[in-house]
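Could you put the whole structure together from the sequences, leaning on the hints where they help?
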Amino acid sequence: MPTLYREIAEDLGARILQGEFAAGTSLPSENRMAETYGVARGTVRRALALLRARGDLTSRQGSSWVVAAARQGQEFDELRSFAQWARSRGMTPGGQVVSLQTAPARVAERRRLHLDEGDEVLRVVRLRTLDGRRVMLERTTYATWMIPIIQSLSPREASVVQVLFDRFGIVTGQADNTLDATAATSEDAQLLGVRRSSPLLRLRRESSDAGGRPIEYGEDRYVPGTVAFQVHTRLTAAAMRRMGG
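Here the numbering used here is used: position 194 in the sequence shown is 194, and no number is missing along the way.
These aren't lab readings, by the way, just hints derived from the structure by calculation.
From a predicted model like this one, the values you see are computed outputs, not experimental measurements.
Heads up, the beta-carbon is just placed ideally off N, CA and C, and yes, glycines get one too.
Hints may be right or wrong, so weigh each one.
To be verified - Simulated restraints, written as ranges between beta carbons of each label pair: (1) Gly225 x Ala175: 23 to 33 Å; (2) Gly225 x Ser99: 36 to 46 Å; (3) Ile147 x Arg32: 32 to 42 Å; (4) Thr182 x Ala53: 20 to 30 Å; (5) Ala181 x Ser99: 16 to 26 Å; (6) Arg15 x Arg60: 11 to 21 Å; (7) Asp116 x Thr58: 51 to 61 Å.
Rendered as structure tokens:
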């Protein structure tokens, strides 16, 4: 059974992920939080110390606790690029290409990207950071028409999406995204600094331009506790009638 300070730490961590406390801002005072949770100040302090050890908080002189930058949430129905989202939260995004390979498209790649047999694709593995902290591994397969464009970009480009728009006028018109969990592979573990088989949050994505032409598909693997995707739902009367039927 979790101890009281751990319960408080988990609740505060969830509130940070949901954006209630923004990156770089101070939490309420320890006395205020003690009143909110109905516990002694010492219990709150232990919870805050646990969150600091996890990298969620930093402490300042005078009992001020500040939300660290690299643990925030975003709305799933308004999914933006990694860099756009990071900057909107006051964080500095980073990127580094780990590998870049041109090869004939596989069967699944031809289907997803509407390619013919013999067409080539570009497979890119990119490590993403927030304020210098490794948080995500991005594996992307680009359609044939995108190969020279992606190859022309800097391997340390922080926002590929923004550069595609600014330099080439390419806009993502639509995207399909699927969230699930997966275990870290040996490569994941080495690049992200986690243990092999550790759970990772996986976002699988497919995107097309405004005309419906496939741009890329791939997946992003996030270190636990660095980002959360928020989904707001509501139950309508029409839905209730369908459920009742």
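Hints, verified against the model:
1. Gly225 x Ala175: 23 to 33 Å: Since the Cβ atoms of Gly225 and Ala175 sit about 25 Å apart, the hinted range of 23 to 33 Å holds.
2. Gly225 x Ser99: 36 to 46 Å: 26 Å, violated
3. Ile147 x Arg32: 32 to 42 Å: Violated, at about 55 Å.
4. Thr182 x Ala53: 20 to 30 Å: 26 Å, holds
5. Ala181 x Ser99: 16 to 26 Å: 24 Å, holds
6. Arg15 x Arg60: 11 to 21 Å: 19 Å, holds
7. Asp116 x Thr58: 51 to 61 Å: Given a distance of about 53 Å, which is inside 51 to 61 Å, the answer is holds.
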